[in-house]
Amino acid sequence: MAKERVFETEVRRWLKTNCPPSLYGYQKNIWGGRRVRDLEVDTHVWQRRMAAKGWTVPEWPPEFGGAGLTIEEAKILAAVMRDLRCPQPLFEFGVTLLGPTLMAHATNEQKTQHLPEIAAGNIRWCQAFSEPAAGSDLASLGASAERRDDRYVLNGHKVWSTLGHHADWAFCLFRTSRDAPKHQGISLLLVDLESPGITVEPITLINGNEDFCEIFFDDVEVPIDSLVGLERDGWSYAKEILARERTAIATSSSSNDLVGEGTSESLLDLFTTLHPDPSLDAIALRDEIVDAEMDQACLWLASKSNVRGHPAAWAATLKVFGTELIKRRCDLRVRTMGCQGLGWDGELWSPEEHKLARQALWARALSIVGGTTEIQLNIIAKRALELPESDS
Amino acid sequence: MSGDTDTITQFKIAAERFAQEQGSVERLRTLFDTRHGIDRDLWRQLAQLGYLGTIVPADQGGTDLGYGAYSQLVRVLSRTLATVGFVNHAMAVELFRSAERCDVEMVHRIIAGETIVTIAWQESHRFGEDRISTAAVQVAGGYEIEGRKQFVLDGGEADGLLLIARVPSENTLGIFYVSKETPGLTLQSGRLLDGRRAAHVDIHVRLSQDCRLRLRRSSKEVLQRAFDRGLIVVSSECLGATEALFDLVLAYLKEREQFGRKIGSFQALQHRMALLFIELELTRAAFDQAVAQLDDNQTLPTIGSLLKHRASRLFRNMASEGIQLIGGIAMTAEFDVGLYYKRAQVLDQLYGDSGYHRQRYLSLNLTR
Chain A
1 MAKERVFETE
11 VRRWLKTNCP
21 PSLYGYQKNI
31 WGGRRVRDLE
41 VDTHVWQRRM
51 AAKGWTVPEW
61 PPEFGGAGLT
71 IEEAKILAAV
81 MRDLRCPQPL
91 FEFGVTLLGP
101 TLMAHATNEQ
111 KTQHLPEIAA
121 GNIRWCQAFS
131 EPAAGSDLAS
141 LGASAERRDD
151 RYVLNGHKVW
161 STLGHHADWA
171 FCLFRTSRDA
181 PKHQGISLLL
191 VDLESPGITV
201 EPITLINGNE
211 DFCEIFFDDV
221 EVPIDSLVGL
231 ERDGWSYAKE
241 ILARERTAIA
251 TSSSSNDLVG
261 EGTSESLLDL
271 FTTLHPDPSL
281 DAIALRDEIV
291 DAEMDQACLW
301 LASKSNVRGH
311 PAAWAATLKV
321 FGTELIKRRC
331 DLRVRTMGCQ
341 GLGWDGELWS
351 PEEHKLARQA
361 LWARALSIVG
371 GTTEIQLNII
381 AKRALELPES
391 DS
Chain B
1001 MSGDTDTITQ
1011 FKIAAERFAQ
1021 EQGSVERLRT
1031 LFDTRHGIDR
1041 DLWRQLAQLG
1051 YLGTIVPADQ
1061 GGTDLGYGAY
1071 SQLVRVLSRT
1081 LATVGFVNHA
1091 MAVELFRSAE
1101 RCDVEMVHRI
1111 IAGETIVTIA
1121 WQESHRFGED
1131 RISTAAVQVA
1141 GGYEIEGRKQ
1151 FVLDGGEADG
1161 LLLIARVPSE
1171 NTLGIFYVSK
1181 ETPGLTLQSG
1191 RLLDGRRAAH
1201 VDIHVRLSQD
1211 CRLRLRRSSK
1221 EVLQRAFDRG
1231 LIVVSSECLG
1241 ATEALFDLVL
1251 AYLKEREQFG
1261 RKIGSFQALQ
1271 HRMALLFIEL
1281 ELTRAAFDQA
1291 VAQLDDNQTL
1301 PTIGSLLKHR
1311 ASRLFRNMAS
1321 EGIQLIGGIA
1331 MTAEFDVGLY
1341 YKRAQVLDQL
1351 YGDSGYHRQR
1361 YLSLNLTR
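Which chain is which? The protein sequence lines are A and B, in order.
Take 1 as the starting number for the first sequence in the numbering used here and just add one per residue.
Take 1001 as the starting number for the second sequence in the numbering used here and just add one per residue.
If you are wondering where the hints come from, they were derived from the structure by calculation, not from laboratory data.
Small disclaimer: the values here were computed from a predicted structure and weren't measured.
Cβ atoms here follow ideal geometry from the backbone N, Cα and C, with glycine treated the same way.
Be aware that one or more of the hints could be misleading.
Stated by the list, open to error - Computed from the model, here is a short list of chain B residues facing chain A with C-beta under 10 Å:
no.: 1; residue: Gln1048
no.: 2; residue: Val1222
no.: 3; residue: Phe1277
Said to hold, decoys possible - Chain A is nowhere near these chain B residues, computed Cβ spacing over 10 Å in every case:
no.: 4; residue: Ala1112
no.: 5; residue: Asp1130
no.: 6; residue: Ala1135
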């Protein structure tokens, strides 16, 4: 207990000294990667300082760039950062999605090559799993990795790689065997996106953003040690990564803030401000809003509980409930604003209103990314309800 | 609340075991054959086991285990549609304990199952906390009360009523205990769909001063507190019954075959059950957290409405889906699903439906 208090005091002192004042309350993600790591801006000065402390990945072992903190110490660090409003120093898929898989299944050489670079914010990663013909049915993917002497030669077309055009490396699923049954011919490979033969193209979405990319592989040669673990085990690694992704989305969509809605103003307050004396037709809208507020209150309560039942089923539950609720709520904001919620650009709307309109469009993707709602229902039916295998 | 975690855990295990041994939907079916709306034998057993004192402190004769324990008891017994006055019991206890000088003897009798007290609040076909015309006029030595209560749950079964009446001279609501023998009470009783009984009560009574509960706080605060706890108990009834019904429907889907396969293998039905599962899991998790906070004295003024709004709507949806997913046989009196459906209708109206609680949640939030 006393040891923890000493640690907390030291953490607090260090953070106050080393967190640039401009960053208190900073809301945006601070990414790493080749393109930004040497920037002399506060966000990246902060990132480099935290990385040097091992606090971008506090619980990772020191030899991989972490600080080797215990769970309790990591909680203390997180609590003090929250208290002082210090931002997370590094937002990185290499940390949240790939790191644990490398630690469990990679060789020591691979761990040494990649993990410290991830922890330092030097290399930024993206995921290259889905394909135009392999979305929900990911296991039917066709991009191939052909073994030739000491190399793999990669050919194929990946889609929906989040922010691929800003990434340095990608963790990918390729088919290494066409003879093996569908799930067993899939392998996890690590690929430098600067390799010759790779083209990355962003996709424009209906909200105007370009958050996802296509990645084309045209006879791309990568070393043999791009392979993680065994060739036939790629699908099991993929399932672990997808489960982490699902949990992350589940957690963020049930978080105790309104980040998913692009604003901090309560939905009910928005309605009350715009309709101080609601007409009968507006009252129907208000009823929908109160329902959504009550669902939100229940979600926040429920998300405080520990994992219940089958872990995949609990993540699926939060993911579906949370994302469907965000969609409903974003929609209610736009409807509350009426035509004031339909602005694409131009001076009829404030920048905030433009943002809310686009946020509501983005929200439609939440029930599709990280495993569609329908896939989550399948998971629940199979794992929590143990219903017999579905048709076909 | 003084009960420690171990005692509460033991209680919950014992309650679960009791429910497994004594709980049965057959008890409700038997009740239909009587002229009663309360399973008195069950109530007697609960009293003997000390379960009715869960929400009462030790110095007033209870075991002080709190609402976490009490609502768990209600929840597990509601799996088999236990038909007793769980909600009125909690509210009556809260109201009597809110008196400046608590009538400890009355509380003892209630906990012992000797005296059944129900709450006479509602005055029309839909419940409304403030929609009260029954008036209590101060006279020499007491009050004259005139009015009519409607759909008083267990009205005919109870030994006495806690009557909520307007006190015009004070511009407030008053709470009065009226024993059933009081001259000037006329009851009309009837059976609800789900086997419970309700009464309309015509009131032309004269009560002595000490029949009015003299409260430590305003009647508004006292009633809100008792109401919120009552709502948590109704929500427990809804939740327990929903859980059992879900299991029943799931089991049927795994067993029933049509078109050469188990009907539970059809994706459309799987998805409907998964959606119900999500609502049920969310409600369970929220409920457990809310009740834990209540016992920790972290009061959420809107928690009663939050839970009731969700739990009664969920039970209704589950019951509706239950009949549909199972099909024709679920429409027979012999099959249990219909009993759940009918209970869901009654609990929905009890102390305000979803729409009522949506409005209440809004009002409480706007005035904060």
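> Any hints this thing doesn't respect? Which numbers, in order?
Replying inline: 1 and 2
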